[in-house]
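Asker: Using the sequences plus the hints, can you model the full thing?
Here are the chains, one letter per residue:
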Amino acid sequence: MSTNDSFERGEAALINAPITQLKAWLADGSLDAGHLTGAFQRRIDSIDPMLNSLISRVEPVVPRSDGALAGIPYVHKDIFCAKSTRTTCGSRMLADWVAPYDSTVHERLTQSGAVLLGKANMDEFAMGSSNESSHFGAVANPWDSNAVPGGSSGGSAAAVAARLVPFATGTDTGGSIRQPAAFCGVTGIKPTYGRVSRYGMIAYASSFDQGGVIAKSAADCALVLGEMAGFDPKDSTSSDEAVPDYLAGLGASIKGLRVGVPTQWFSDALDSAVGDAVTAAIDELRAAGAETVEIDLPDADIALAAYYLLAPAEASSNLSRFDGVRFGYRCEDPKDLQDLYERSRSEGFGAEVKRRILVGTYALSAGYYDAFYRRAQMARRLVTDHFQRAFEQCDVIAGPVTPTPAFDRGAHSDDPAKMYLEDIFTIPVNLAGLPGMSVPAGFVDGRPVGLQLIGRHFDEARLLNVAHQYQQRVDWHTRIPPLGGDSSNY
Amino acid sequence: MSDYVIPSGWEAVIGLEIHAQLATRSKIFSGASTAFGAEPNAQACAVDLGLPGVLPVLNEGAVRMASLFGLAIDAEISRVSSFDRKNYFYPDLPKGYQTTQLARPIVVGGQVTITTGEGKQAREHTINVTRAHLEEDAGKSLHEDFHGMTGIDLNRAGTPLIEIVSEPDMRSPEQAVAYARKIHAIVQYLGICDGNMQEGSFRVDANVSVRPEGETAFGTRAEIKNVNSFRFLQRAIEFEIERQVDLLETGGEVVQCTRLYDPDRDETRLMRTKEDADDYRYFPCPDLLPVVLDEATIESWRAELPELPDAKAGRYQSEYGLSAYDAGVLTASRATAEYFEAVIARDGADPKLAANWVMGEVAALLNRLELEINECPVPADKLADLLERIGDGTLSNKLGREVFEALAEEGGSVDAIIEARGLKQISDTGAIEAMVDEVIAANPGQVEAYRGGKDKLFGFFVGQVMKAAKGKANPQAVNDVLKRRLDGPDDPGVV
Chain V
11 MSTNDSFERG EAALINAPIT QLKAWLADGS LDAGHLTGAF QRRIDSIDPM LNSLISRVEP
71 VVPRSDGALA GIPYVHKDIF CAKSTRTTCG SRMLADWVAP YDSTVHERLT QSGAVLLGKA
131 NMDEFAMGSS NESSHFGAVA NPWDSNAVPG GSSGGSAAAV AARLVPFATG TDTGGSIRQP
191 AAFCGVTGIK PTYGRVSRYG MIAYASSFDQ GGVIAKSAAD CALVLGEMAG FDPKDSTSSD
251 EAVPDYLAGL GASIKGLRVG VPTQWFSDAL DSAVGDAVTA AIDELRAAGA ETVEIDLPDA
311 DIALAAYYLL APAEASSNLS RFDGVRFGYR CEDPKDLQDL YERSRSEGFG AEVKRRILVG
371 TYALSAGYYD AFYRRAQMAR RLVTDHFQRA FEQCDVIAGP VTPTPAFDRG AHSDDPAKMY
431 LEDIFTIPVN LAGLPGMSVP AGFVDGRPVG LQLIGRHFDE ARLLNVAHQY QQRVDWHTRI
491 PPLGGDSSNY
Chain S
10 MSDYVIPSGW EAVIGLEIHA QLATRSKIFS GASTAFGAEP NAQACAVDLG LPGVLPVLNE
70 GAVRMASLFG LAIDAEISRV SSFDRKNYFY PDLPKGYQTT QLARPIVVGG QVTITTGEGK
130 QAREHTINVT RAHLEEDAGK SLHEDFHGMT GIDLNRAGTP LIEIVSEPDM RSPEQAVAYA
190 RKIHAIVQYL GICDGNMQEG SFRVDANVSV RPEGETAFGT RAEIKNVNSF RFLQRAIEFE
250 IERQVDLLET GGEVVQCTRL YDPDRDETRL MRTKEDADDY RYFPCPDLLP VVLDEATIES
310 WRAELPELPD AKAGRYQSEY GLSAYDAGVL TASRATAEYF EAVIARDGAD PKLAANWVMG
370 EVAALLNRLE LEINECPVPA DKLADLLERI GDGTLSNKLG REVFEALAEE GGSVDAIIEA
430 RGLKQISDTG AIEAMVDEVI AANPGQVEAY RGGKDKLFGF FVGQVMKAAK GKANPQAVND
490 VLKRRLDGPD DPGVV
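Residue numbers (the working numbering), protein chains in the order written: chain V, 11 to 500; chain S, 10 to 504.
It is worth saying that the hints were derived from the structure and are not from the lab. There may be inaccurate statements among the hints.
Stated by the list, open to error - List of simulated lysine-lysine pairs, DSS-like, C-alpha gap at most 27 Å:
#1 V:Lys-364 with S:Lys-465
#2 S:Lys-407 with S:Lys-476
#3 S:Lys-476 with S:Lys-465
#4 S:Lys-479 with S:Lys-463
#5 V:Lys-244 with S:Lys-95
#6 S:Lys-479 with S:Lys-492
#7 V:Lys-345 with S:Lys-492
#8 S:Lys-95 with S:Lys-321
#9 S:Lys-407 with S:Lys-492
Stated by the list, open to error - Here are some chain V residues the structure puts well away from chain S; computed CB gaps all over 10 Å:
#10 Asp-255
#11 Leu-260
#12 Asp-278
#13 Arg-336
#14 Glu-342
#15 Tyr-351
#16 Ala-389
Even for Gly, the Cβ is constructed at its ideal location relative to N, Cα and C.
Answerer: Right under this line is the structure:
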């Protein structure tokens with residue numbers, strides 16, 4: 011990737027270029043949008059059969075737009091409705107469902123001129139941390155085909171890591187953007203709850219679900235998030251807080267920035283090599299002028315327990331509409347209404363979805379509500395209060411995204427509780443509705459490790475800048491997995 | 010009114026849950042229309058269908074209407090109310106849950122006054138309202154015309170409702186009906202519900218229990234669902250009281266249950282018992298923010314309140330001198346009050362005369378034609394024309410009735426009918442005197458007998474004059490002239 015001559019510019023240059031660079035080439039006429047789209051399509055053709063990161067391909071339509079993302083290809087996590095596209099949510103229940111309307115996120119990206127190339131694989135209904143619960147098969151981690159890509163936005167993270175697209179949308183309910191971004195060595199941001207509209211994003215747990223971006227760098231995330239974010243009259247929980255120019259905020263020095271380090275997160279539960287990588291990343295922030303302060307976040311385990319009651323409770327209600335009556339999977343020859351319900355849902359949902367529906371139904375049942383749902387809500391409040399107190403001492407929090415690097419496929423198949431532990435550092439952020447990022451911070455045994463950055467409510471601009479300043483000093487995010495194809499950096 | 014009497018030694022305890030559809034143009038959580046009668050599923054958008062990914066947005070008009078109701082019954086309007094999900098599976102419930110308000114309803118408390126009986130038997134009762142909350146209606150399951158299958162029409166899904174829950178304050182079917190009618194009148198006065206019971210805009214569920222007289226603990230109750238007329242409400246509660254008293258008097262016990270009133274067989278039938286009731290797994294709806302109302306908004310709504318039935322009835326008594334009973338009848342529905350007020354809007358109108366006509370001729374006509382007052386074939390301005398002609402003596406009451414019938418059957422103007430049919434009353438004193446003199450001249454024997462003390466013969470003379478006038482003579486004028494001629498001096502020239 012050495013030449014500036016557009017005619018000599020190879021595919022490697024295109025697939026590795028920052029979005030701002032692609033925009034510059036498109037703007038000066040040295041790159042044609044059709045050519046750009048074609049390059050990524052060919053890349054998908056050659057690489058994705060190894061990964062299974064996409065559920066559907068979409069015939070690209072280059073929107074007439076001179077918006078901020080004009081001509082830039084991307085994929086949606088298959089949880090976002092885009093009119094006339096199959097939108098499966100990774101489930102047999104919606105395997106053939108074609109969305110008749112646009113999600114607000116899709117509408118905004120289309121207005122910005124972004125070009126949709128496909129719908130990314132995901133854990134069924136966003137329930138999972140390994141992408142193994144997808145009805146459409148597991149996704150390979152581009153860095154190691156034995157490793158999971160993380161989940162639930164596993165397809166999005168793998169696609170960006172493998173340079174199949176410059177960016178992908180994702181959603182994060184308990185870590186579903188940050189954890190796969192960490193496992194795949196890419197940058198992901200889950201904004202503050204309410205920052206990005208949930209309209210047209212198929213609900214898992216409504217009070218946690220939040221759309222966001224996975225891209226190659228903090229700068230690319232800043233550009234895309236700026237286009238996705240903002241108040242939506244169709245989502246009552248979306249915020250009317252003004253959206254700052256994230257890209258413009260990326261130059262600021264982080265000298266004197268107070269970085270909170272939650273000591274409790276660096277315990278025996280954390281893989282020591284992962285801990286070392288994260289500590290090194292925090293040292294790098296200090297080298298850039300930040301100060302570190304130890305902070306107290308004692309309740310990651312309480313958060314985990316609360317989440318695995320509250321999210322399933324909401325899911326049990328949100329997924330009631332999948333009953334075989336109006337849309338989605340319907341069983342063959344139902345003999346009566348009860349049979350229609352039972353078999354459509356038994357056959358249409360996979361094991362993990364059914365497990366969470368059962369847990370959630372139980373938690374809301376008469377006689378159990380106070381013991382489970384109400385206590386979990388109290389725990390949620392407690393976790394939120396602890397974050398608030400921590401932010402009195404610091405401006406951002408830095409720590410690990412996950413306790414371990416990407417684990418092997420099948421490693422947790424028989425033990426859901428162990429799988430749930432993967433989310434222990436990401437879930438507290440969702441309980442409090444805070445923005446969080448995952449930034450590539452090194453490798454352990456060839457598998458990527460992520461640094462998590464957590465900000466105050468609506469402090470995405472600061473988070474993105476901290477991540478960007480870090481990425482000015484390191485090159486972890488520019489590493490490319492050894493997949494073959496026309497990429498020359500390995 | 011029914012003359013039903015509760016079995017002696019027993020007391021009935023009744024509470025009502027009333028669902029009133031709010032008259033917003035669009036649905037409570039979507040922009041789809043709420044108009045009745047469209048093609049099935051023509052008014053169900055992505056949100057109403059519960060498509061994957063859609064979200065509800067609260068219609069502020071529904072909040073305003075629910076608050077108006079609360080203000081009208083002197084209830085507390087919650088400064089913060091919120092929505093919950095009631096989870097259950099049913100084909101016409103698209104999301105698998107109903108969005109409603111359980112924990113924090115928008116309207117808390119309040120009361121209405123009802124009157125039962127007439128005249129000396131009239132009694133006032135205060136019925137307390139527990140709460141009124143906002144919720145969405147479900148769609149409809151259609152079991153006919155689908156050859157063993159069920160059709161689902163989701164046009165109604167998402168129509169805003171307020172559910173008005175009373176305390177168990179009523180002690181007779183008559184009180185329950187009076188309460189339901191009062192709520193019906195209030196929502197119509199407020200313009201927040203069209204009150205159409207046939208189309209299901211106003212639906213009543215009744216909780217009924219009985220207990221021995223003097224007992225203070227409540228008996229086990231049965232809930233009667235979806236009664237769609239006031240007459241059926243009366244009958245359903247009567248039936249249910251009898252059923253429960255029979256059970257208890259024969260050593261049985263009442264089982265808590267939900268029942269359906271069947272008007273064809275005039276009985277309530279078991280739908281389900283408490284044992285197979287659903288666990289609705291209520292929890293706060295995470296898609297909707299709490300509804301927060303400030304003082305200024307609530308006060309601006311209070312300023313919007315129209316004159317309500319009780320205030321209007323009071324004014325009819327003090328301002329127009331109507332009896333409490335008449336004022337009650339005329340204000341029982343907004344449409345009747347509007348009709349009455351349109352009639353008396355005419356300069357010089359006599360409110361008592363108008364009241365008699367509205368409650369008499371107009372009510373009888375509507376009854377005969379089975380029409381509502383807003384469909385009355387004699388519009389209020391025509392009746393006002395007619396009463397004006399009675400007032401100025403052009404028509405007698407009797408001729409007035411003839412003109413009224415003609416208006417009802419053929420329409421047209423009052424004066425044209427009078428003219429065409431030659432119904433004009435003869436009030437001209439000269440003409441009447443001439444007729445009276447003829448009658449006196451033609452009946453000397455009767456005149457002598459009358460003057461000799463046979464007073465009853467006065468009616469005979471009236472009849473003779475009326476006959477001569479073909480019924481069109483002004484009766485008062487005929488009386489006056491006859492009295493003068495018969496009772497006064499012999500010589501007509503003296504008058």
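Asker: Would you mind marking each hint as holding or not holding in the structure?
Answerer: Hint check results:
1. For the suggested pair Lys-364 (chain V) and Lys-465 (chain S), the alpha carbons sit about 96 Å apart, so the restraint of at most 27 Å is broken.
2. At most 27 Å may separate the alpha-carbon atoms for a hinted pair to count; Lys-407 (chain S) and Lys-476 (chain S) meet this at roughly 15 Å.
3. Pair hint Lys-476 (chain S) plus Lys-465 (chain S) holds up; C-alpha atoms about 18 Å apart against a cutoff of 27 Å.
4. Proximity of Lys-479 (chain S) to Lys-463 (chain S) is assessed by CA-CA distance (about 26 Å); at most 27 Å being required, the pair is judged to hold.
5. The straight-line distance between the Cα atoms of Lys-244 (chain V) and Lys-95 (chain S) is roughly 22 Å, inside the 27 Å bound, and the hint therefore holds.
6. Pair hint Lys-479 (chain S) plus Lys-492 (chain S) holds up; C-alpha atoms about 20 Å apart against a cutoff of 27 Å.
7. About 90 Å separates the Cα atoms of Lys-345 (chain V) and Lys-492 (chain S), which puts this hinted pair outside 27 Å; it is violated.
8. At most 27 Å may separate the alpha-carbon atoms for a hinted pair to count; Lys-95 (chain S) and Lys-321 (chain S) exceed this at roughly 40 Å.
9. The straight-line distance between the Cα atoms of Lys-407 (chain S) and Lys-492 (chain S) is roughly 22 Å, inside the 27 Å bound, and the hint therefore holds.
10. Non-interface call for Asp-255 (chain V) relative to chain S: holds, since the shortest CB-CB distance, roughly 27 Å, exceeds 10 Å.
11. Non-interface call for Leu-260 (chain V) relative to chain S: holds, since the shortest CB-CB distance, roughly 32 Å, exceeds 10 Å.
12. For Asp-278 (chain V), the condition that its CB be more than 10 Å from all CB atoms of chain S holds, with the nearest at approximately 35 Å.
13. At the 10 Å boundary, the C-beta of Arg-336 (chain V) falls inside the reach of chain S, the nearest C-beta of that chain being 6 Å off.
14. Here Glu-342 (chain V) stays apart from chain S, with its beta-carbon at least about 16 Å from theirs, past the 10 Å limit.
15. For Tyr-351 (chain V), the requirement that its beta carbon stay farther than 10 Å from each beta carbon of chain S is not met, with the minimum near 6 Å.
16. Every Cβ of chain S is farther than 10 Å from the Cβ of Ala-389 (chain V); the closest lies at roughly 16 Å, confirming the non-interface assignment.
Consistency with the previously given hints fails for numbers 1, 7, 8, 13, 15, ordered from lowest to highest.
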